[in-house]
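Visitor: Given these sequences and hints, build the entire structure.
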Amino acid sequence: MKLKINPFFFMTGPYLIWITAMIVIPMLLIVLYAFTIEGNDVATIQFSLDNFVRFVTDKTFLFVVGKSLWIAFLTTIICIILGYPIAYIISKSRGRQSLILILLLTLPTWINMLVRTYAWMGILQEGGVLSNLLEMIGIPGVSLLYTDFAVALGMVYNFLPFMVLQIHTSLAKMDNSLLEAASDLGANKVQSFLRVTLPLSMPGVVSGITLVFLPAVSSFFIPKLLGGGQYVLVGNVIENQFITAGKWNFGSAISLIMAIIIIFSMWLTRKIEVQPRKEEN
Amino acid sequence: MKHSSFAIFASVALLMICGLFIFAGCGKAKSAAIEKYGSDRLKLYLPGAYMSDSLIPNFEKQYGVKVIVEYFDSNEMMYAKVQAGDKYDVLIPSDYMIERLLSQKMLQPLDKNALTNIKELSPAVMNLKYDPNNTYSIPYFWGNVGIVYNTKKVDPKVVEEQGYSIFQNPDYAGRIYWYDSERDSFMIALKVLGYSMNTENKDEINKAYEWLLKMNDTMNPAYVTDEVIDAMTTGKQKDIAIVYSGDAATVLKENKDMSYFAPNEGTNVWYDAMVIPANAQAPKLANEFINYVMTYDVSLENTKAVGYASPNDKVLKEMSAPDGLFGQNKAYLPRSGYDKDEIFHDNEVIRSMISELWIKVKAHKAN
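Line order of the protein sequences matches chains V and U. The numbering of the first sequence is this note's numbering, which starts it at 1 and goes up by one. The numbering of the second sequence is this note's numbering, which starts it at 1 and goes up by one.
Hints were generated in silico from the structure; no laboratory data involved. Possibly wrong hints are sitting among the right ones.
[What the hints assert, rightly or not] Calculated pairs, DSS-like style, for lysine-lysine (alpha carbon to alpha carbon, straight line, at most 27 Å): (1) U:Lys202 with U:Lys66; (2) U:Lys253 with U:Lys314; (3) U:Lys112 with U:Lys129; (4) U:Lys330 with U:Lys304; (5) U:Lys330 with U:Lys153; (6) U:Lys87 with V:Lys247; (7) U:Lys202 with V:Lys247; (8) U:Lys152 with U:Lys36; (9) U:Lys207 with V:Lys247; (10) V:Lys247 with U:Lys105; (11) U:Lys119 with V:Lys59; (12) U:Lys202 with U:Lys360; (13) U:Lys214 with U:Lys153; (14) U:Lys157 with U:Lys214; (15) U:Lys236 with U:Lys152; (16) U:Lys152 with V:Lys67; (17) U:Lys152 with U:Lys256; (18) U:Lys61 with V:Lys67; (19) U:Lys157 with U:Lys202; (20) U:Lys207 with U:Lys81; (21) V:Lys59 with U:Lys87; (22) U:Lys360 with V:Lys59; (23) V:Lys173 with V:Lys271; (24) U:Lys207 with V:Lys59; (25) U:Lys314 with U:Lys157; (26) U:Lys236 with V:Lys247; (27) U:Lys66 with U:Lys236; (28) V:Lys247 with U:Lys152; (29) U:Lys330 with U:Lys112; (30) U:Lys61 with U:Lys36.
The model shown is predicted, which means the values in this text are computed figures rather than measured ones.
Guide: Printed below as a string of C-alpha cells:
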C-alpha cells in the first residue's frame with residue numbers, strides 16, 4: 001500500500017514544530033513538575049500528589065483562587081450590564097454616527113493598559129481630580145484609591161470595550177426584517193427584544209464573556225495598583241512560587257489547576273453557545 | 001492604492017539608506033574597540049531607573065562601543081534569567097544575591113589591573129563579608145531602609161520614639177505605605193522583636209510572621225513598590241512609608257515636608273555592586289566599564305541623578321558635606337558603624353520560608 005502524504009502537511013509542518021516546541025512541551029513540563037516533588041533528578045523521578053494536597057488543604061491558596069474567580073466574575077457581570085445597552089445604542093445608530101461611537105469606545109485602548117491604570121491612580125487618590133471635585137461640592141477628604149470600588153472600576157474600564165464590540169458585532173449582523181416580522185405578528189417592542197434580539201445576540205455575549213472573563217482571572221496588576229497590593233491573586237502567587245520561593249513544583253501545580261479551571265469555563269461557555277442552535281434543528 | 005504603494009516603497013528605501021549610514025558609522029568604531037577589548041558590544045543588566053541618563057551615551061562615545069541595556073524588577077528575576085543561560089557582561093545585583101551567585105560559581109573574578117580607579121572608593125563600602133576582598137564585585141550604590149514621613153502630619157518625636165512600632169500604632173491606621181518585599185518586611189518585624197534579621201530560628205521567624213499579620217490586619221496598609229516614590233513626593237495620599245534611603249533622598253529633595261528616619265531598632269544596610277557573570281561575552285570591556293563607573297566625574301553625575309549614596313569616597317564626602325547637594329538631606333548618607341544594622345545573608349531555606357509566609361500575610365486580610 002502506498003502511503004499518500006497530504007501536500008499541505010509540508011506547509012503546516014513549521015507550524016506544528018513551532019506549536020510543539022513552544023506550547024506542547026512546556027505544558028507537558030508543567031504537568032510533570034506538578035506531579036513530582038522537589039529535588040528530583042531525571043533519573044530518580046518520584047511522582048506524588050503532594051502539591052495538590054497542599055493546595056487543597058491550605059486555605060490561603062483556595063482563598064486566593066476564589067478571590068481571583070470572584071473578581072473576574074464581578075467584572076464580567078458589570079461589563080455585560082453596562083456593555084449591552086452601549087452595544088445596542090451603537091448598533092441602532094446609523095453610518096457615521098456609529099463609526100464615531102466605536103472610535104470613541106476603542107480610542108482609549110490605543111494607550112497602554114498600564115499607563116491608563118496609573119492615570120486612574122492619579123484620579124482616584126486623595127488630593128486627586130475626583131476628590132477635588134467632591135470637595136468643591138462639599139464632600140471633603142474622600143479617598144477612593146486602594147478600595148474595592150477602585151479595583152472594580154479599573155477592571156471594568158479596561159475590559160468593557162471587548163464586551164461591547166463582541167455584542168455589537170452580533171447585533172449589527174442581525175437581519176432587521178426579523179424585527180419587522182415580529183411586529184407584524186403582533187409582538188410589542190419588549191416582546192420582540194426578548195424573543196428576537198436577545199437570543200440572536202447571545203453568541204456575542206458569550207464570546208464577550210470569554211474575552212473578558214479569561215484575561216480578568218489572570219490579571220494581577222490592575223488589582224495590585226488600584227487595590228494597594230492587598231489583592232493577592234493567582235498570578236501573584238504563581239510568580240512568587242517560581243521567582244522568590246523557588247518552589248517550581250508547587251507553582252506548576254497551581255498553574256495546572258488554573259489551566260483546568262479556564263478550560264472548564266471555556267467548555268461551559270461553548271456549551272451555552274451551542275445550545276440554541278440545537279433547538280433550531 | 002497607487003498612492004500608498006509609493007509611500008511604502010519610499011519609506012522602505014529611506015529605511016535602507018538610514019540603515020546603510022548606521023552600518024557605516026558602526027564599522028568605523030568597530031575595528032578599534034574589537035582590537036582593544038575583543039568586543040564592541042556590552043550587555044548590561046540592572047534595576048530600572050538606577051543610572052544617570054548620560055552615563056551610557058558618554059561611555060559609548062568615549063570607547064566607540066554599543067551598550068545594550070536591560071532592566072530587572074528584582075534580584076530574583078535577574079537570577080532566574082541568568083541561571084537560565086542568558087548572557088550578560090555586567091550585572092548590578094545586591095549583596096545577598098552576589099553571595100548566591102558566588103555559591104553557584106556564576107561569577108568570574110574581576111581584572112584588578114584594569115580597575116585602576118578602585119582606590120577612589122570609600123573604605124566603608126569595601127571588603128565586606130559578601131565578597132571579602134572585592135575579588136568579584138565593585139560597589140555601585142549603597143544605602144539602608146528606613147521610614148519616610150510627612151512632618152506636617154506626623155510628629156518627628158513620635159517617629160523617633162516608636163521606630164518601626166509606628167506601623168502598629170492605630171493612630172496611623174490607613175495612613176501607611178508598606179514596601180512589598182518579603183525580605184524587607186521580615187527584616188522590620190525581626191528588628192522590632194529584637195532578633196537578628198538573619199536569624200535561622202523558626203520560632204523567631206514565626207513570631208515575626210505574627211507581627212506582620214497584626215500589622216496587616218489592623219493598619220490597612222497599601223503594599224507598594226517603586227510607586228511609593230511618586231506617592232510620597234506628592235505627599236497627599238498617605239503619611240508614613242517604608243522606603244530605601246536613596247529613593248527617600250529623592251523624595252526629600254522634591255518635597256520639603258518629608259523627613260527620613262532609620263529606626264534605632266536597627267536596619268538593613270545594603271550594597272548593590274557590579275559583577276561580571278562567568279559566561280560574559282565581553283569580560284575585558286566589562287572590566288573597562290566598571291572602571292569607568294568608578295571615576296569621580298561619572299560617580300558624581302550618577303549620584304546626583306539617582307539620589308543613592310555613591311561608593312566614591314570624594315563624591316560621597318562632597319555630596320554629604322553641610323553645603324553639598326545632599327548635605328541637609330537626612331536620607332542620603334547611610335548610617336555606618338551602628339551595631340544593630342545588618343547586611344542581609346542568603347539562606348535558601350529561610351528565603352523560601354519567608355517568601356511563602358509573606359504571601360500569606362498579604363492574602364490574610366479579607367479571610
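Visitor: Run through the hints listed earlier and report the numbers of any the structure violates, in increasing order.
Guide: Of the numbered hints, 1, 8, 11, 16, 18, 19, 20, 21, 25, 26, 27, 28, 29 do not hold.
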